[in-house]
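A.B. asks: Chains A and B, in that order, are what the protein sequence lines are. Numbering of the first sequence is given in this note's numbering, commencing with residue 15 and proceeding in unit increments. Numbering of the second sequence is given in this note's numbering, commencing with residue 9 and proceeding in unit increments.
Read the hints as simulated data drawn from the structure, not as lab findings. The reader is advised that the hints may include incorrect statements.
Said to hold, decoys possible - Pairwise CB distance ranges, derived in the manner of DEER restraints:
1) B/Asp44 / A/Glu23: 53 to 61 Å
2) B/Asp228 / A/Asp275: 34 to 42 Å
3) A/Ser281 / B/Pro132: 38 to 46 Å
4) A/His349 / B/Asp228: 42 to 50 Å
What the hints assert, rightly or not - Only pairs whose alpha carbons sit at most 30 Å apart, straight line, appear in this in silico DSS-like list of lysine-lysine:
5) B/Lys34 / B/Lys261
6) B/Lys277 / A/Lys164
7) A/Lys286 / B/Lys387
Where is the CB? At the ideal position from N, CA and C, for every residue including glycine.
Read off the chains here:
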Amino acid sequence: MIDFEMTEEQAMARDAMRDFAAAELRPAARASDDGATIAPELRNKLWSTGLVQSMLDEADSDQPRSRILNAIVLEELAAADASLALALAAPMSFVQAILDHGNASQRATLLPAFQGLDFKAAALAVMEPTFGFDVSATSTVAARAGDTWKLDGRKCMVPLAGACSHFIVTARDGERLRAFVVAANQPGVKVLPPKGTLALRALEMSEVVLDAVTLGADQQLGGEEGCDVQCLVDSGRAALAAVMTGMSRGVLEYAIPYLKDRVAHGSPLARKQVIAFRLVDAHMAIQAMRWMAWRAAWSIESNEEPTRHAQLAFTYASEQTMTIADEALQAFGGHGFVRAHPIEMWYRNARALGLLEGVAGV
Amino acid sequence: MIDFSLTAGDRRLIEVTRLENEAMRKHARYYDQHEDEIEPASFPESSELPDKMELMREIEDQTSGLVIAESLMDLEYADPRLRRTEHGLGDMIVGYAGTPEQLERFGHLVLAIALTEPGAGSDPRAITGSARYDEATGEWVLNGEKIYCSKFGQADGAVVLLKGESEGGHRPFLAFIVEKGTPGLVQLGQVKKMGIRNWDTEDFVLQDCRVPAINKVDADFGKTMVVFNGTRPKVAAMGLSIARTLMDFTRDKLKEAGVNVHYAAGRAKRSQLEDRLLRLEALHEATKLSILNCKWREQNEGTNTGATKVDAAIAKAMGGGAARRITQECMEMLGPLGLSEEFLAEKWYRDARIFDIFEGAGEVNRLIVARWLLDYSSKELN
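Assemble the whole structure, with the sequences as input and the hints as a guide.
C.D. replies: Shown next as structure tokens:
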């Protein structure tokens, strides 16, 4: 039955994350981007939200965490800063993938480490360092060797890769995609130092090289049967749609007071239709992005064409987020281009978010 | 609880509407080519097909609610319609603004609403049509030219918005029920349009048209505009539906030509046509959710309360814009054969364009949203 109303629990989580993000994340956003790192205490603050730990607590209850709640909280975190939101979204996506697809022994061995009080990095490694990379054309290869697998390839744009204890690596086995849980300290795994990125700089995204990594059969996500890797991609697209919703909302909320204040040719910029209408278009798109992200999350939970809904949410959000950040920068003029305002950072982030696969999950 | 699933009743109503559309499609070209003919109150096919509005009321408790269910059917709009809608906008206004005496006298009438004039479209304040009270006879004397009046051909008359005589330099909006056959009401016939030629649209003139005092409805400009909070998302749904019909046609025809949309792959593995189809579908879904959100709020907060004014403007601005972009791009993707009158594609392209104009142009709706979003009065932002 069609309903857009949050549950009381969802509304409370939204409010709590909104307050937390405004107080703790926004003030730290610029320094984290400039320094291209997230200070350890800030990582622990992110962890203190309890979002990852509660996923585990709720997993075995009668009411596992709703995917829609994940989308709601990701929007709130990203409204303050997308990099910091993704720093938490990455381990969330790892844990969610293990919860969804891991077998009993994988859940038992991997998940307890995420119950602690300190930030724990882990990530999906999906993208590869080739221009025009497409998730459907993964070139990392998984080859069977008796009871084990041998993994060869390179992954890129892995968030906080240097701090990760584990990765979920997607790889091709003939025509089929498989996913493997790879420990960072396994022989043949090499995490390269970050080279720096255009955007989301605090995430220290870097390459992971897999050079004839031998994996036990129990390292395939889901065990011998494996899992449907498309589910990981769908979840990532839905999550990024939520993150883009948040970031776009941050842009709009920052732009409105400035444009009402700034006078040109005798009246505030916001009183000119050309500016006011762009703000309206942004507002309309942000609402629609949010509902698309929620619906994608709902479709994953209810298995109602999740691949389609996740793709549509991701496609719409990518297109709109770029436009919103671009128009905001234009409206700010020179102030949009200088680093005294966050607009230029959001313009860079907007370009990045629509390109990433697997850095988040709902 | 946030939920996007359709109930069994929702699905049934959508199914019934689709069946109806399929059956009616064969009449579409005829009414496109015979714009002076008003569609029958119901087509012969109605003896075999259920009345979807009746069905909706019957199975209300199995739906997502009446307002949402009706919107889901509007999102399946096609022309011509199997059965004419019962109400006009004018009789809806009489319904909530009329006195018991007026309801008694006029309640049975189907009434259009007449607002637009040659010099006053998006800005109704520019209306010049006039109403003068004649104390000698106790009648109102009406003068003016009203154009683009939807449903006037089949209606019993219209609620006409005019301006009264100056009161302290200000001419108030006044509304009157004018029935057809009243001396001084001159019908000018169907408007010749690019598209929606089956859509009953007439012009008329009032020349010293006299109506008794009871015909004056207590509906000023604001009260009249309230009706748009319900109809804007409705009209947006219809326009979006025409665009989707063309999008479905385009997808089917391109599929025959070997173009398939895959949702799993990323954008680097899509052809240009696949990518565009996907982006248009995403725009369609975003717009549809904006319309449904508005209708969901309306269902919770009431249709004529004014609570959904901004949501209605958003739904309409989104719907009108999406109808334009989707139909323009689909025609480009279809290529030269899409131009042929052998297919309905060219008709849907013509039909869809009006949806960003009537029932509030995209710009007018953006003004409504902008004033709310930026906290400006209509003086501060116009």
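A.B. asks: Hints first: check each against the structure and report whether it holds.
C.D. replies: Now the hints, each set against the structure:
1. B/Asp44 / A/Glu23: 53 to 61 Å: holds, 59 Å
2. B/Asp228 / A/Asp275: 34 to 42 Å: holds, 36 Å
3. A/Ser281 / B/Pro132: 38 to 46 Å: violated, 25 Å
4. A/His349 / B/Asp228: 42 to 50 Å: holds, 44 Å
5. B/Lys34 / B/Lys261: holds, 19 Å
6. B/Lys277 / A/Lys164: holds, 27 Å
7. A/Lys286 / B/Lys387: Holds. A/Lys286 to B/Lys387 sits at ~12 Å (cutoff 30 Å).
The structure fails to meet hint 3 from the earlier list, while all remaining hints are met.
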